[in-house]
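Protein chains: 2
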Amino acid sequence: MYTIGIDLGGTNIAVGLVNEEKKIVAKKSSPTLTNRKIEEIIRDMAELSLALIRENGLSEKDVSAIGIGSPGTVDGKNGVIIYSCNIPFDHTNVREAFKAYTSIPVYCGNDADVAALGEAYAGAAAGCDNAIMITLGTGVGGGVIVNKHIVAGFNGAGGELGHMVIVRGGAQCNCGRKGCWEAYSSATGLIRMTREAMEKHPESALWKIAPTLDDVNGKTSFDGLRAGDPVAAEVVKEYVAYLATGLTNIINIFQPEVLCLGGGVAKEGQFLIDLLMPYIEKERYSKDVPQTAIKPAVLGNDAGIIGAAMLGF
Amino acid sequence: MYTIGIDLGGTNIAVGLVNEEKKIVAKKSSPTLTNRKIEEIIRDMAELSLALIRENGLSEKDVSAIGIGSPGTVDGKNGVIIYSCNIPFDHTNVREAFKAYTSIPVYCGNDADVAALGEAYAGAAAGCDNAIMITLGTGVGGGVIVNKHIVAGFNGAGGELGHMVIVRGGAQCNCGRKGCWEAYSSATGLIRMTREAMEKHPESALWKIAPTLDDVNGKTSFDGLRAGDPVAAEVVKEYVAYLATGLTNIINIFQPEVLCLGGGVAKEGQFLIDLLMPYIEKERYSKDVPQTAIKPAVLGNDAGIIGAAMLGF
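Chains as they are written, first to last, in my numbering: chain X, 1433 to 1745; chain U, 1433 to 1745.
If you are wondering where the hints come from, they were derived from the structure by calculation, not from laboratory data.
The C-beta atom is built at its ideal place from N, Cα and C for all residues, glycine as well.
Each hint should be verified, as a subset may be incorrect.
Only pairs whose alpha carbons sit at most 30 Å apart, straight line, appear in this in silico DSSO-like list of lysine-lysine [stated by the list, open to error]: (1) K1727/X to K1610/U; (2) K1454/X to K1699/X; (3) K1610/X to K1719/U; (4) K1509/X to K1610/U; (5) K1632/U to K1580/U; (6) K1719/U to K1669/X; (7) K1699/X to K1719/X; (8) K1580/X to K1640/X; (9) K1610/X to K1669/U.
Short derived list, chain U residues pointing at chain X, Cβ under 10 Å [as the list claims (entries may be wrong)]: (10) Y1515; (11) C1560; (12) F1586; (13) W1639; (14) G1678.
Over 10 Å on every C-beta distance to chain X, these chain U residues come out as not near it, computed from the model [what the hints assert, rightly or not]: (15) I1456; (16) K1669; (17) E1715.
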């Protein structure tokens, strides 16, 4: 038996056929083209799925479920995508809409949640009932898995771990609050800290790595640290301390078996985790129990497809 | 069919017989006497349970489960109480130990988690699959219910919502971190803020309500506010703002259908909630979805017994 996972993004619809070993055996994709009616986007998702089935010599009865991971607020229970910033969903019953194309049952989830589910079934947290994935990208995204199910709250809007205030009255966050974890621990936050340090320190070797402030990215200060620049070391130290504060909060709240880190900044992998651990080990609340392991996410872009394919379980 | 709930505290063992309507129909209790062997405390819990069954004209086959809520870290899956600050558990398999007394299956949970379960089954959050209870007492306790089950993490130590840093580098918390929510939003935190304000303001009417600093409790500043004292109003305003910061974090993370407030400070009830709501409404992340209701907990001390009795479900 197979399942299909759809990673619906603002740019592309990526569809994957997933086997019982939770491996993607075939993929198809097409542009999302968000400036059109939602019905057309749904039709493309359905037709890509059916084409993938056909082209792999299967029939609809070989596929037990289709799962869709979408940005935004999702009512997973009812298969409804309530709202998404870039894709024109408006309380759209996707499960119902798919019935015009196929009788395969359809499930929906938020994209960050679904990526966490992918890592919990087939990635860094494979075999764990309780896992969390934190994505350190433009923002700080979170997906929480408890007993192998997504925790999204009664309204589908939960899991906004990045919008947890850790510095009351601190840096302005896009959400309107001040001092959210996201304002410090996203790639955007790291870039801001790096630029501020460069402006204060014209002598820093960071200026060799990023000749202008526009060249700064989430890797710049880590590269500076590895090149032996003390200003970069200070930026990384500050960034890591903020990141550890939020991660320790999450551990105290959830005590997941594995907490995995994905997104741009997490490409630093074990190097970043080794910097984080002393802070977390010192600050976490429960010390006399088995401890949460922090791991780099391993599925990359496939997490969304695999996680979506697992929604039907 | 009945279930039995045991609220094991540092002072008393309270045992209740709970019917299918989730009401306590009879109670028994005896002192915990924590300075003795854990085997004796377990024996008392079992004997109180059996006496309660007998005295109510029932037999063991009328009782489907015994649940125990205990302070500390609990491995609910295996019926093991790992550690408790005041009661001499040490990875004690309580489920196994009860077999010497009865064949009724035994379940265990942390006391704050179990109280939340009680409110979710039969109290302020009755009928809700997703609910959270926050206890504003000596500390800030938390119990998280998702899909009618306790979220305690893979090691039983989760739900430490009070040990979420909201003011990085802020007030010292007993846990070793600085700026934990508990340091600001517990009754202890409120008492500290009230005393500091009184010391700064000898003219404040708070000195009439609490003639010495030792007389200050979690109600003092609220009484001062109601008596029209501007210093008290300022203390309450500050306290409420900190409390709202943590509550909004919790809502953004979990989006429970109901978040109920228990413990000493929550005796202010709807008065406190009316003060909180403007902060929460302004700051919560997802505004275009059904919203979490904030309610006073209603079961009081019975929450522990009823919640423990629900552990077997």
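Exercise for the section: Check each numbered hint from earlier against the structure, then list the numbers of those it violates in ascending order. Expected result: Hint check: 4, 5, 6, 8, 13 and 17 fail, others pass.
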